[in-house]
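Colleague: Use the sequences and the hints to build the structure in full.
Read top to bottom, the protein sequences are chains E and F. Residue 61 in my numbering sits at position 61 of the first sequence; the count goes up by one each step and never skips. Residue 115 in my numbering sits at position 115 of the second sequence; the count goes up by one each step and never skips.
Straight line, CA to CA, 25 Å or less: simulated SDA-like cross-link-like pairs of lysine to any residue:
{"id": "1", "chain 1": "E", "residue 1": "K136", "chain 2": "E", "residue 2": "Y116"}
{"id": "2", "chain 1": "F", "residue 1": "K24", "chain 2": "E", "residue 2": "G197"}
{"id": "3", "chain 1": "F", "residue 1": "K11", "chain 2": "E", "residue 2": "D192"}
{"id": "4", "chain 1": "F", "residue 1": "K44", "chain 2": "F", "residue 2": "E58"}
{"id": "5", "chain 1": "F", "residue 1": "K27", "chain 2": "E", "residue 2": "R175"}
{"id": "6", "chain 1": "E", "residue 1": "K193", "chain 2": "F", "residue 2": "K150"}
{"id": "7", "chain 1": "E", "residue 1": "K193", "chain 2": "F", "residue 2": "Y185"}
{"id": "8", "chain 1": "F", "residue 1": "K27", "chain 2": "E", "residue 2": "D187"}
{"id": "9", "chain 1": "E", "residue 1": "K174", "chain 2": "E", "residue 2": "R49"}
{"id": "10", "chain 1": "E", "residue 1": "K17", "chain 2": "E", "residue 2": "T67"}
No wet-lab data here; the hints were simulated from the structure.
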Amino acid sequence: MITDEDIKYIFNNLEEKRDIEFKENLNWTTNDAVKAKIAKSLMAFSNIRNGGYLVIGVRQNPDNSFTPVGMTTDAFDSHRIDDVMPYVNSKAEPPVNFEMEKIEKDGMKFVIYKVYEFDELPVFCKNDDGNSILHKGVIYVRTMRMYETAPIQNQSEMREIRKMLVDKNIEELKRLLQQYEERELGDDHQFDKELGGL
Amino acid sequence: MVDEDVIDKIKSRGYWRVNIRPLKYEKNAVVSLSDLRDIIHNCKVRYRGWPYPLVKDEEINSGENFILGGVNWQDHIEYWKIYQSLQFLHYFAMREDWEDRVDNFFGGKIKNPRKPGSGLSIIGTLYSVTEIFEFTLRLIQNHPYEFGMKINIGLYGTMNRKLFFYDKSRMLDGDYTAKIPEIIYEKEFSLEEFMSNSQQFALDCCVHIFERFNWTNVPRNLLESEQKKFLGKTW
Numbered sequence: 001m002i003t004d005e006d007i008k009y010i011f012n013n014l015e016e017k018r019d020i021e022f023k024e025n026l027n028w029t030t031n032d033a034v035k036a037k038i039a040k041s042l043m044a045f046s047n048i049r050n051g052g053y054l055v056i057g058v059r060q061n062p063d064n065s066f067t068p069v070g071m072t073t074d075a076f077d078s079h080r081i082d083d084v085m086p087y088v089n090s091k092a093e094p095p096v097n098f099e100m101e102k103i104e105k106d107g108m109k110f111v112i113y114k115v116y117e118f119d120e121l122p123v124f125c126k127n128d129d130g131n132s133i134l135h136k137g138v139i140y141v142r143t144m145r146m147y148e149t150a151p152i153q154n155q156s157e158m159r160e161i162r163k164m165l166v167d168k169n170i171e172e173l174k175r176l177l178q179q180y181e182e183r184e185l186g187d188d189h190q191f192d193k194e195l196g197g198l
Numbered sequence: 001m002v003d004e005d006v007i008d009k010i011k012s013r014g015y016w017r018v019n020i021r022p023l024k025y026e027k028n029a030v031v032s033l034s035d036l037r038d039i040i041h042n043c044k045v046r047y048r049g050w051p052y053p054l055v056k057d058e059e060i061n062s063g064e065n066f067i068l069g070g071v072n073w074q075d076h077i078e079y080w081k082i083y084q085s086l087q088f089l090h091y092f093a094m095r096e097d098w099e100d101r102v103d104n105f106f107g108g109k110i111k112n113p114r115k116p117g118s119g120l121s122i123i124g125t126l127y128s129v130t131e132i133f134e135f136t137l138r139l140i141q142n143h144p145y146e147f148g149m150k151i152n153i154g155l156y157g158t159m160n161r162k163l164f165f166y167d168k169s170r171m172l173d174g175d176y177t178a179k180i181p182e183i184i185y186e187k188e189f190s191l192e193e194f195m196s197n198s199q200q201f202a203l204d205c206c207v208h209i210f211e212r213f214n215w216t217n218v219p220r221n222l223l224e225s226e227q228k229k230f231l232g233k234t235w
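Modeller: Here is the structure:
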């Protein structure tokens with residue numbers, strides 16, 4: 001769920017960050033290139049720690065500042081989760097975990113995609129899109145230096161993904177150990193643990 | 001207020017450790033700490049001058065998921081703790097070892113206190129075990145122990161300790177002395193069997209303890225008759 005905190009975080013300073021990308025009035029149904037760009041961004045966010053946001057309805061000015069301008073009604077209405085999710089996940093393996101919310105703010109319409117960090121394995125592109133935007137076998141990330149969406153380009157980005165995988169494995173191991181304690185060692189173990197050695 | 005430091009005092013001489021727990025662990029079997037206070041008040045038993053466990057309102061402290069209490073007065077040195085899981089833990093000193101702390105009728109100390117580590121009262125043990133089992137019975141009757149429970153009773157500091165009667169008119173036909181440092185009784189019970197036989201199980205526990213003092217052929221009928229008197233408050 002996209003919360004008030006998320007919206008505050010996105011619109012407070014209105015600058016692109018590694019975990020925030022702004023797009024102007026993108027209409028999902030315009031052409032396949034638009035769909036591929038959105039899919040690429042969502043895949044990239046899922047491959048960075050804590051994921052990120054793709055926000056549509058914010059214009060980039062020539063001086064690289066950003067202005068919220070909102071979306072036209074057609075473009076706003078064109079984003080339907082039932083269309084977007086199947087398309088994105090026809091290109092992504094494993095599927096991207098994301099949600100979409102349409103908001104109205106100061107009389108303007110915005111679409112916000114909130115993307116969650118991958119669960120178990122990094123997301124890679126499993127199909128070309130035919131417009132040379134998506135390439136099969138590539139892992140997209142939000143790059144560290146430029147805050148752009150691109151294939152993994154250097155060892156720092158690869159290390160980051162590796163670290164995320166290690167952390168997830170540790171968490172999984174902890175979970176399995178806890179399960180083991182609870183199920184295999186049984187109730188006595190839980191009671192003993194509660195006594196803390198007393 | 002009693003805290004864990006009192007356990008060190010208890011452990012400095014012979015002591016009992018009692019642990020009662022349901023067979024299934026459920027962290028919040030009891031929803032609130034105030035419910036736990038009610039439980040300990042409603043389940044304590046009183047067949048002699050003090051209850052088991054020794055509960056004093058002003059001495060009860062709340063923890064994260066438990067309440068604890070106890071006492072440190074004369075030969076009554078106790079520490080108990082009951083958790084929201086309904087696990088109960090109780091340490092208490094062997095009173096026989098703390099006679100040097102007991103005031104006599106005139107406010108002085110009693111003459112010739114028993115040497116710590118030397119003896120264990122047979123009747124005192126019967127009373128304590130009976131109290132533990134009666135307390136357990138009350139605990140399981142109204143609370144979620146439907147899968148049954150486990151009782152673990154340990155006596156520590158028993159090496160070379162001798163059984164005795166306080167009543168000088170009662171004689172033992174020999175010296176019954178433990179040659180092990182601790183005696184542990186542990187048994188799991190189903191709810192039904194415990195509810196119908198708790199007093200007999202208490203006697204089984206006493207026999208278990210006394211046999212480890214090398215007292216063979218413990219006169220169970222004598223224990224049973226003393227237990228009846230105790231429970232009927234006719235002692």
